[in-house]
Amino acid sequence: MSAFYLVGSIALDAFDPRFSDIDFVAVASRKPAPGDLERLKKLHRALARRYPRWKMEGCYLQPGDLGCFEGDVEPFPALHDGRLGLSNRFELNGVTWWVLKQRGLALFGPPPQSLPIQVDWERLIARMRENLNTYWAGWTRWTRQPRRMVLLLSDWGIQWTVLGVLRQFYTFRENDITSKTAAGEYALACLPARWQPLVREAINLRQGDPARSYRSRLGRAIDARRFLKYIIRECKNL
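Take the sequence shown: its letter number 23 is residue 46 in this note's numbering, and every next letter is one higher.
Calculated directly from the structure, the hints in this document are not laboratory data. Nothing here was measured: the structure is a model prediction, and the numbers come from that model. For each residue, glycine too, the CB sits at the ideal point set by N, CA and C. Each hint should be verified, as a subset may be incorrect.
[Unchecked claim] Listed next, the in silico EDC-like pairs over lysine to aspartate or glutamate satisfying Cα-Cα at most 16 angstroms (straight line):
#1 78 - 39
#2 124 - 199
#3 259 - 153
#4 54 - 88
#5 259 - 145
#6 78 - 104
#7 124 - 143
#8 64 - 104
#9 64 - 80
[What the hints assert, rightly or not] Restraint-style ranges between C-beta atoms, simulated for each label pair:
#10 215 - 56: 54 to 62 angstroms
#11 139 - 236: 42 to 50 angstroms
#12 75 - 236: 30 to 38 angstroms
#13 252 - 75: 17 to 25 angstroms
#14 62 - 215: 23 to 31 angstroms
Generate coordinates for the entire structure from the input sequences, incorporating the hints supplied.
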């Protein structure tokens, strides 16, 4: 291994032990040899047993893969949801590279600011708009994806969707990238008062604050769906 970087919420100074993963980008010193994948699986199983509280997510790339996008590289070892396997898509996007280049933390290896990564901001925004109109829009289509309606009845679903889509709202407005909680605080200062109880509830849920704005989970879920539609419309207009 020639370098190991922390990205994601840790790099953005927004790590939350209840919701955040330990996101990493590792740079290998050579291409994977037979048996390397199994050795990495054993390593991560051992880490999970020793530190069960923490969840790692990340990838092991070749130096030439840095700055590339999904599908543009050969399959590489990637850890997702506790499973390590080969992928050529995992987290290869403009946001990952922007965070690595601008805010990444090097456990070892050259400083991330010195890496030969050029972030194409227009491409990053285009991919983010595509994600807005597919993944996030999917949360509003309950007849097609009833599982997401069930998730919006949960505390996890509220903080994930409300703050997640607000991260994109922040990026479209400010040409910058921030954490979920910071995006929520930003929204409280600029969105109509109609949405403040929902945004505040999402922030409270993420921070472990017991204060609640809603008595009914169903009413909150319906409001969250309306909110998602509203933010998607606002983002399209930016």
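Against the structure, the hints:
1. 78 - 39: holds (12 angstroms)
2. 124 - 199: Within the cut-off at roughly 13 angstroms; holds.
3. 259 - 153: Answer holds: residue 259 to residue 153 is near 11 angstroms, not above 16 angstroms.
4. 54 - 88: holds (11 angstroms)
5. 259 - 145: holds (15 angstroms)
6. 78 - 104: Holds. Residue 78 to residue 104 sits at ~8 angstroms (cutoff 16 angstroms).
7. 124 - 143: holds (12 angstroms)
8. 64 - 104: Since the Cα atoms of residue 64 and residue 104 sit roughly 13 angstroms apart, the hinted pair holds (cutoff 16 angstroms).
9. 64 - 80: It holds: about 13 angstroms lies between the C-alpha atoms, which stays within 16 angstroms.
10. 215 - 56: 54 to 62 angstroms: holds (57 angstroms)
11. 139 - 236: 42 to 50 angstroms: holds (47 angstroms)
12. 75 - 236: 30 to 38 angstroms: holds (33 angstroms)
13. 252 - 75: 17 to 25 angstroms: Because 38 angstroms falls outside the window, the suggested range is violated.
14. 62 - 215: 23 to 31 angstroms: violated (54 angstroms)
Hints 13, 14 from the list above are not met by this structure, while the remaining hints are.
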